[in-house]
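There are 2 protein chains.
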Amino acid sequence: MASHRFDPNFTDNVINAMGPKTNPRFRQLMTGLIKHVHDFARENELTVEEWMAAVQFMNWAGQMSDNKRNEGQLVCDVIGLESLVDEITFTLAEEAQDIPTATAILGPFFRADTPFRENGTNIVRTPAKGGVMAFMHGRVVDFVTKKPLVGATVEVWQASTNGLYEQQDPEQEEFNLRGKFKTDNDGRYSLYCLRPTPYPVPDDGPAGKLLHLMDRHPFRPAHIHIIALCNGYKALTTQIFDRNDPYLTNDSVFAVKDSLVVDFVPRKDDPQAGLELNYDVKLVPSDEA
Amino acid sequence: MASHRFDPNFTDNVINAMGPKTNPRFRQLMTGLIKHVHDFARENELTVEEWMAAVQFMNWAGQMSDNKRNEGQLVCDVIGLESLVDEITFTLAEEAQDIPTATAILGPFFRADTPFRENGTNIVRTPAKGGVMAFMHGRVVDFVTKKPLVGATVEVWQASTNGLYEQQDPEQEEFNLRGKFKTDNDGRYSLYCLRPTPYPVPDDGPAGKLLHLMDRHPFRPAHIHIIALCNGYKALTTQIFDRNDPYLTNDSVFAVKDSLVVDFVPRKDDPQAGLELNYDVKLVPSDEA
Numbered sequence: 001m002a003s004h005r006f007d008p009n010f011t012d013n014v015i016n017a018m019g020p021k022t023n024p025r026f027r028q029l030m031t032g033l034i035k036h037v038h039d040f041a042r043e044n045e046l047t048v049e050e051w052m053a054a055v056q057f058m059n060w061a062g063q064m065s066d067n068k069r070n071e072g073q074l075v076c077d078v079i080g081l082e083s084l085v086d087e088i089t090f091t092l093a094e095e096a097q098d099i100p101t102a103t104a105i106l107g108p109f110f111r112a113d114t115p116f117r118e119n120g121t122n123i124v125r126t127p128a129k130g131g132v133m134a135f136m137h138g139r140v141v142d143f144v145t146k147k148p149l150v151g152a153t154v155e156v157w158q159a160s161t162n163g164l165y166e167q168q169d170p171e172q173e174e175f176n177l178r179g180k181f182k183t184d185n186d187g188r189y190s191l192y193c194l195r196p197t198p199y200p201v202p203d204d205g206p207a208g209k210l211l212h213l214m215d216r217h218p219f220r221p222a223h224i225h226i227i228a229l230c231n232g233y234k235a236l237t238t239q240i241f242d243r244n245d246p247y248l249t250n251d252s253v254f255a256v257k258d259s260l261v262v263d264f265v266p267r268k269d270d271p272q273a274g275l276e277l278n279y280d281v282k283l284v285p286s287d288e289a
Numbered sequence: 001m002a003s004h005r006f007d008p009n010f011t012d013n014v015i016n017a018m019g020p021k022t023n024p025r026f027r028q029l030m031t032g033l034i035k036h037v038h039d040f041a042r043e044n045e046l047t048v049e050e051w052m053a054a055v056q057f058m059n060w061a062g063q064m065s066d067n068k069r070n071e072g073q074l075v076c077d078v079i080g081l082e083s084l085v086d087e088i089t090f091t092l093a094e095e096a097q098d099i100p101t102a103t104a105i106l107g108p109f110f111r112a113d114t115p116f117r118e119n120g121t122n123i124v125r126t127p128a129k130g131g132v133m134a135f136m137h138g139r140v141v142d143f144v145t146k147k148p149l150v151g152a153t154v155e156v157w158q159a160s161t162n163g164l165y166e167q168q169d170p171e172q173e174e175f176n177l178r179g180k181f182k183t184d185n186d187g188r189y190s191l192y193c194l195r196p197t198p199y200p201v202p203d204d205g206p207a208g209k210l211l212h213l214m215d216r217h218p219f220r221p222a223h224i225h226i227i228a229l230c231n232g233y234k235a236l237t238t239q240i241f242d243r244n245d246p247y248l249t250n251d252s253v254f255a256v257k258d259s260l261v262v263d264f265v266p267r268k269d270d271p272q273a274g275l276e277l278n279y280d281v282k283l284v285p286s287d288e289a
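So the protein sequences, as listed, match chains A and B.
Letter by letter, the first sequence follows residues 1 to 289 of full-length UniProt numbering.
Letter by letter, the second sequence follows residues 1 to 289 of full-length UniProt numbering.
The reader is advised that the hints may include incorrect statements.
What the hints assert, rightly or not - Taking lysine to any residue and the SDA-like style, the derived pairs with C-alpha atoms no more than 20 Å apart in a straight line are:
#1 B/Lys35 with A/Met30
#2 B/Lys68 with A/Trp60
#3 B/Lys209 with A/Arg27
#4 A/Lys257 with B/Asp12
#5 A/Lys257 with B/Phe6
#6 B/Lys257 with A/Arg5
I should point out that these hints are in silico values taken from the structure, not numbers from a laboratory.
Everything numeric in this text was worked out from a predicted model, so none of it was measured.
Produce the complete structure using the sequences and hints provided.
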């Protein structure tokens, strides 16, 4: 029963227009989406001008997107949707007794073509003004048995101290601050990187406009992106956050989880880095394993 | 109170991130939008893959949009949103005792630069295969006093018999099947046009993909678009539909209203047209008048 004063059959008519060949999951999603979008429009008595502004906004996001930038994703991120979908995924995995390292969003700056590097490599290929070097190392282990996983892949990426990832910044060498590492016979990976610094998400497009209209700052707390992969284990996408960061409690894309906050500690007798981060990654066996 | 098993504070955190300088109406809309989008994601346990497919879909719509095509608008149209917003607008006008000619959606094929033509002009500038000519005429009147309005503008546009508007079809002369007309001293306008024919909305992009996935046809019932304007009166955007059309009850963009269905009747002794449509437009005085 409709609890509003508009045409009580309108939404059902739109939903019922779906034909019998619609995929059941797609039908479920479209039914939910149409209901929520229509309820939103009715509850707020959305005007033609407001709706058209939203259409132009979304078209703008698409027009700004290309291989190097996904503005539609960023718009979702600033309203928390990517982090929420991640939390749903993680909660369902928990309920299925898969309690791996907590996940976090992929974000729009992942590159599928990042090269492998030797363990111990410095991923800082272009000097970063004011950057502080850190030695990041740890093991990839089986979540259940705690045994180290040999030949697992750990992929990391981070922004430079100017707040830009390499594909956003012509001054940075290609694949600067990115690398894939294979774990050795003890399941260990290691690299030199920057202590991450907070940065604003790109705010020269629709997502930035939205943040401005919502009177919000665009900053993300300092973090390093990680993807870990190993045959027979579920892929893990996450981010780790520096405990000292001032934006830890108000991430512009709502991705921080307590279990992903890490401590950089002083490192002695290493001319390459004054800080150290020891971070172990726990992977869950896949269903097929 | 959250009625789900996910983080109960997540959505409030996103909403409460809005700062004090947010425009109140914008805050209301974003609060509603964030709640509905988050509820949709939780209720359907949206996966990362499904969410990313939706992001790519919306980016695709933006990338396909330009001066001649608004695919984002068309995506809204096929889930009924433009027609719903129109119905909300019309219902609010009714409640305010403004009961003009029923409104209908603008659609994505309006052109702001359509030229004026003399009354009685034939807007069929490029021959239309299988087209049936009609003489369309009527008056623009004050909704309250019923008096004719002199010097009002009636703008019409329609698709050709191949289902294409002129800006979609390089074979059609520019501004074919479009025109603006000024009412004469009796408030009358007139033109020769085609009896409209049903056509599919463009289904070579995201909106067409969506229709296909929902197992729906892309057809719109035969219609003529109308915008009527007069100083001191509220602008009217509407469409009129041919009663004989087979798609009248299942318009792919849900725009049909009973009061907008019209009858083409035989016309005698006119070598230019065998059909006639008499259609009066009623305009409501604007608040300032």
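Here is what the structure says about each hint:
Distance hint between B/Lys35 and A/Met30 is fulfilled; the C-alpha atoms sit about 17 Å from each other, no more than 20 Å. Simply put, B/Lys68 and A/Trp60 have alpha-carbon atoms about 15 Å apart, close enough for the 20 Å limit, and the pair holds. Between the alpha carbons of B/Lys209 and A/Arg27 the distance comes to roughly 14 Å, so the proposed pair stays at or under 20 Å and holds. Taking the CA atoms of A/Lys257 and B/Asp12, the gap is about 16 Å. The hint holds against a cut of 20 Å.
Our distance criterion of 20 Å between C-alpha atoms is met by A/Lys257 and B/Phe6, whose separation comes to about 14 Å. A distance of roughly 17 Å separates the Cα atoms of B/Lys257 and A/Arg5; the hinted pair therefore holds under the 20 Å criterion.
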